[in-house]
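**Student:** To convert, take the position in the sequence shown, counting from 1, and add 1; that gives my numbering.
Note that these hints are calculated values from the structure, not bench results. Careful, some of the hints might be misleading.
[Said to hold, decoys possible] Simulated restraints on C-beta separations: (1) Val55 - Thr124: 19 to 25 Å; (2) Phe33 - Glu132: 32 to 38 Å; (3) Gln53 - Ala115: 39 to 45 Å.
All C-beta atoms, glycine included, are put in the ideal place defined by N, C-alpha and C.
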Amino acid sequence: MRDDRSQALGAFQSGIPGAKGSVLRHEKLIDFIHRNYEADAQGRWFFQNGPQRVYIELEATPHIWRIGDDFAVNSHTGTGAQVNKSLVDENGKVYLHTNWGLGLVHTLDVPRAAQALEMARWTLEEAVSNELAALYGYVMSPQAAHQSSLQA
Numbered sequence: 002m003r004d005d006r007s008q009a010l011g012a013f014q015s016g017i018p019g020a021k022g023s024v025l026r027h028e029k030l031i032d033f034i035h036r037n038y039e040a041d042a043q044g045r046w047f048f049q050n051g052p053q054r055v056y057i058e059l060e061a062t063p064h065i066w067r068i069g070d071d072f073a074v075n076s077h078t079g080t081g082a083q084v085n086k087s088l089v090d091e092n093g094k095v096y097l098h099t100n101w102g103l104g105l106v107h108t109l110d111v112p113r114a115a116q117a118l119e120m121a122r123w124t125l126e127e128a129v130s131n132e133l134a135a136l137y138g139y140v141m142s143p144q145a146a147h148q149s150s151l152q153a
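Whenever a hint applies, use it, and build me the whole structure from the sequences.
**Tutor:** Right under this line is the structure:
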């Protein structure tokens with residue numbers, strides 16, 4: 002969570018210690034965010050907090066996929082998903098495109114994704130990581146997009 006102090010330290014992606022904020026540990030707050038997590042028409046992800054939207058700075062993709070022993074796929078929010086295809090980028094990161102959109106496969110579940118591919122459960126395509134947001138319609142940094150629109 003990025004409070005005023007962490008936001009004042011700099012942008013989320015800046016690498017400045019403390020700028021990313023702190024890890025959320027409060028279960029009820031995490032559940033609340035998960036229940037209210039969605040995207041607007043421009044592909045900016047947020048959670049609705051009463052009348053205000055709290056926009057999310059994405060580190061990779063809008064979803065992080067977990068893969069169960071039975072190859073069931075769930076988002077970091079707990080929402081189940083149906084896989085349309087899988088992708089691998091130039092760095093070897095594995096992504097799944099699902100009925101809920103694109104997401105990165107959790108590091109611990111990459112071996113299970115490889116097993117699903119070996120079993121021909123999913124198709125695999127190559128991808129370029131810096132093209133994914135444009136191809137799949139999401140905004141990595143709503144703040145940066147907003148600032149560039151002000152300068153235009």
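**Student:** Hint by hint, note whether the structure agrees.
**Tutor:** Here is how each hint holds up against the structure:
1. Val55 - Thr124: 19 to 25 Å: violated (35 Å)
2. Phe33 - Glu132: 32 to 38 Å: With a Cβ separation near 33 Å, Phe33 and Glu132 satisfy 32 to 38 Å, so the hint holds.
3. Gln53 - Ala115: 39 to 45 Å: holds (41 Å)
Checked against the numbered hints given earlier, this structure breaks only hint 1.
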